[in-house]
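Q: Listed here are the chains, written in short residue letters.
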Amino acid sequence: MLHIKDLHASVEGKDILKGVDIDVNAGEVHAIMGPNGSGKSTLASVIAGKEEFELQKGEINFEGEDITELDPEERAHKGLFLSFQYPIEIPGVTVTNFIKTAINETRKAKGLDDMPASEMLKKIKEKADMLEIDRKFLSRSLNEGFSGGEKKRNEIFQLAMMEPKLAILDETDSGLDIDALKVVANGVNKLKSKDNAVIVITHYQRLLDYIVPDYVHVLMGGKIVKSGGKELAYELEERGYDWIKEELV
Amino acid sequence: MSNLKDKLVSSYIAFEDHLEPDSPIHDLRNEAMKVFEEQGFPSKKEEAWKYTSLKSLEKTDYSIFPKQQEKHTELKDVRKYFLHDIDTYKIVFIDGVYSSFLSETTHDSIDVCLLSSALNKPKYQPVIETYFNKIAKKDSLTSLNTAFAKEGAYIHIPKNKEVEKPIEIINFSTGNEAAVMLQPRNLIVVGENAHVQIIERHQSLSENAVFTNSVTEIFAEKRAYADYYKVQTDNPSASLIDSTYVSQARESNCRVHTFSFGGKLTRNNLHFYQNGERCNSTLNGITIIEDKQHVDHNTLVHHTAPNCESHQDYKGIFADKSTGVFNGKVLVDKIAQKIDAFQQNNNILVDDRATINSKPQLEIFADDVKCSHGCTIGQLDEEALFYMRSRGIAKKEARALLMYAFANSVLESVKIPELKQRINKLIAKKIGVSLGFQL
Numbered sequence: 001m002l003h004i005k006d007l008h009a010s011v012e013g014k015d016i017l018k019g020v021d022i023d024v025n026a027g028e029v030h031a032i033m034g035p036n037g038s039g040k041s042t043l044a045s046v047i048a049g050k051e052e053f054e055l056q057k058g059e060i061n062f063e064g065e066d067i068t069e070l071d072p073e074e075r076a077h078k079g080l081f082l083s084f085q086y087p088i089e090i091p092g093v094t095v096t097n098f099i100k101t102a103i104n105e106t107r108k109a110k111g112l113d114d115m116p117a118s119e120m121l122k123k124i125k126e127k128a129d130m131l132e133i134d135r136k137f138l139s140r141s142l143n144e145g146f147s148g149g150e151k152k153r154n155e156i157f158q159l160a161m162m163e164p165k166l167a168i169l170d171e172t173d174s175g176l177d178i179d180a181l182k183v184v185a186n187g188v189n190k191l192k193s194k195d196n197a198v199i200v201i202t203h204y205q206r207l208l209d210y211i212v213p214d215y216v217h218v219l220m221g222g223k224i225v226k227s228g229g230k231e232l233a234y235e236l237e238e239r240g241y242d243w244i245k246e247e248l249v
Numbered sequence: 001m002s003n004l005k006d007k008l009v010s011s012y013i014a015f016e017d018h019l020e021p022d023s024p025i026h027d028l029r030n031e032a033m034k035v036f037e038e039q040g041f042p043s044k045k046e047e048a049w050k051y052t053s054l055k056s057l058e059k060t061d062y063s064i065f066p067k068q069q070e071k072h073t074e075l076k077d078v079r080k081y082f083l084h085d086i087d088t089y090k091i092v093f094i095d096g097v098y099s100s101f102l103s104e105t106t107h108d109s110i111d112v113c114l115l116s117s118a119l120n121k122p123k124y125q126p127v128i129e130t131y132f133n134k135i136a137k138k139d140s141l142t143s144l145n146t147a148f149a150k151e152g153a154y155i156h157i158p159k160n161k162e163v164e165k166p167i168e169i170i171n172f173s174t175g176n177e178a179a180v181m182l183q184p185r186n187l188i189v190v191g192e193n194a195h196v197q198i199i200e201r202h203q204s205l206s207e208n209a210v211f212t213n214s215v216t217e218i219f220a221e222k223r224a225y226a227d228y229y230k231v232q233t234d235n236p237s238a239s240l241i242d243s244t245y246v247s248q249a250r251e252s253n254c255r256v257h258t259f260s261f262g263g264k265l266t267r268n269n270l271h272f273y274q275n276g277e278r279c280n281s282t283l284n285g286i287t288i289i290e291d292k293q294h295v296d297h298n299t300l301v302h303h304t305a306p307n308c309e310s311h312q313d314y315k316g317i318f319a320d321k322s323t324g325v326f327n328g329k330v331l332v333d334k335i336a337q338k339i340d341a342f343q344q345n346n347n348i349l350v351d352d353r354a355t356i357n358s359k360p361q362l363e364i365f366a367d368d369v370k371c372s373h374g375c376t377i378g379q380l381d382e383e384a385l386f387y388m389r390s391r392g393i394a395k396k397e398a399r400a401l402l403m404y405a406f407a408n409s410v411l412e413s414v415k416i417p418e419l420k421q422r423i424n425k426l427i428a429k430k431i432g433v434s435l436g437f438q439l
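Residue numbers (my numbering), protein chains in the order written: chain A, 1 to 249; chain B, 1 to 439.
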């Protein structure tokens, strides 16, 4: 589904990614872990198409197509979804209206008509219930005055509504208490199928107790320096990252 | 001397011949004309006019006394300019002359009628003597209006009266002549504990040039509530100088919203004078302009009594070569302790060629007050754009949605739902946002 090869990216002349390789297939869950400043969020942003990053080298192939030249919205239309570490506040646009716009814009790009209002409403209700989201929450301005947990839950709500092929969760666990974490993880698990895939970017192993990865990658200094199964996450939790640095030397 | 000034000065001599020689208003006009003759049109040398030039208006050959059109203006042609989905009182002028056909006035327990009647009929004399030209600043443009003012809205809401429907004041110009000058004058008196909602607009019905020099005085007595909305969506050939003066007695609440989406040159002088304790003043504005349009907001809130509040929130979106000015002054007298004054001016420049000059001014002589002001000028938030685009919303729509959200926050305080929806749609249309939902 997603094949990244020898990816190099920089921002304002500073090299951040220095040759990343990852292969994600349908039905898989990958976790990317690493210390602060290792390039995790940059990797997520580069995959989603953020323009301030300069791609110097490498390939990003999604669903058999090179997407490096595509706009962020075109990547979204192909089925890519990035859950933001810091979701943006948009006053005056309600959660419901925003998701309607996102869905119908995506449909428009595919040559489809708007989703019928009744179908939209039903879907909103179903996904809100799944994530234990209060109905009143949906008519509030997007992320405006939301708590950290509410923002993250809202991201997963949008994920559930958009049903992407590949979801990248960037530090979704930060700012969540354990109950909210369970609800969010449960939501992600329900959306998982053999046809889609998830990349979980996190500092801590905590979230991986609930969203169990098939593969764990360690990103350090802009490179994937170690990959393994879910047991690698436990090892990192226990031993930190220094031993990997030593191994590398 | 400018061309237009010469023309106005000589026109006044002819105009004066038709006035009653001994009325007090006549004396007022003569004095006002003297001020205008001495000062003329303000130039960019004056601090308050530094960024707004009236030169092009001064060079235009405006007709000072517009000829009346022979053809009737049909309701169907102008209906869209009214808040037609709800019942309202209407005071309508066509080329400066009252249109009884399009209006809906009343004298039933409240007066919603014409300034010409109020100025001429003896029964209104006490009100005119108490209020007319009492808070209007004696500057050159307001004086010019005072000298020539013949017509406008006269609204008097007596004590404890809550007006059940909004009042619309609409000034149409038909384009009967190549260029006309209009000088409407409104007087609004809201009695003790009375409530009123007013909507004002100036609308030209052709592409011909019009220059409106409008003056409005609003008096809010003790505990009165006045809500005033200015809808400025005129054609690119129309220029407007609006001077609105608000005098507030204790515990009154006055709010003026200004929506500037059109016109060639628009200058809004909006001055609030708080004269009693526990007054509340709101000055909100949204400006969305393009091409070479120019909108200048000049606000003043003068706190002369303690324990009052004032809130100013002006937002602007400037595209192409449009230019905006915000000059907001808050003046707190020494006696006016415990004031809470807030002023905010946020702007987005959509193009590199657009300009905004923002100048907040606080002059505080009291020592126990809460005053804050903030001003931002920027481009659209790139992070927010990326966020929306990553959700599948195309760049153009994402930009529009962001601008819409930015402007829309000022609408929260609009109390007439139909007007709110109307402005909402105007904003969406102006920005070119096609949203996946009903506004």
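Please note: incorrect hints may appear among the correct ones.
[Unchecked claim] Here are some, though not all, of the chain A residues that point toward chain B, as calculated from beta-carbon distances under 8 Å:
1) Ala48
2) Lys50
3) Thr68
4) Asp71
5) Pro72
6) Glu73
7) Leu82
8) Phe84
9) Ile88
10) Gly92
11) Thr101
12) Thr106
13) Ala109
14) Gly111
15) Asp113
16) Gly175
[To be verified] Computed cross-link-like contacts, PhoX-like style, restricted to lysine-lysine with a CA-CA straight-line distance of at most 20 Å:
17) A:Lys245 x A:Lys226
18) B:Lys222 x A:Lys108
19) B:Lys159 x B:Lys59
20) B:Lys395 x A:Lys78
21) A:Lys78 x A:Lys194
22) A:Lys125 x A:Lys190
23) B:Lys396 x A:Lys108
24) B:Lys338 x B:Lys370
25) B:Lys159 x A:Lys110
26) A:Lys110 x B:Lys396
27) B:Lys396 x A:Lys78
Hints are computed from structural coordinates only; laboratory data are not their basis. Quantities reported herein were computed from a predicted structural model and do not represent experimental measurements. Every residue gets a Cβ at the ideal spot worked out from N, C-alpha and C, and that includes glycine.
Q: Hint by hint, work out which the structure violates, then give me just those numbers in ascending order.
A: 3, 14, 15, 16, 18, 19 and 25
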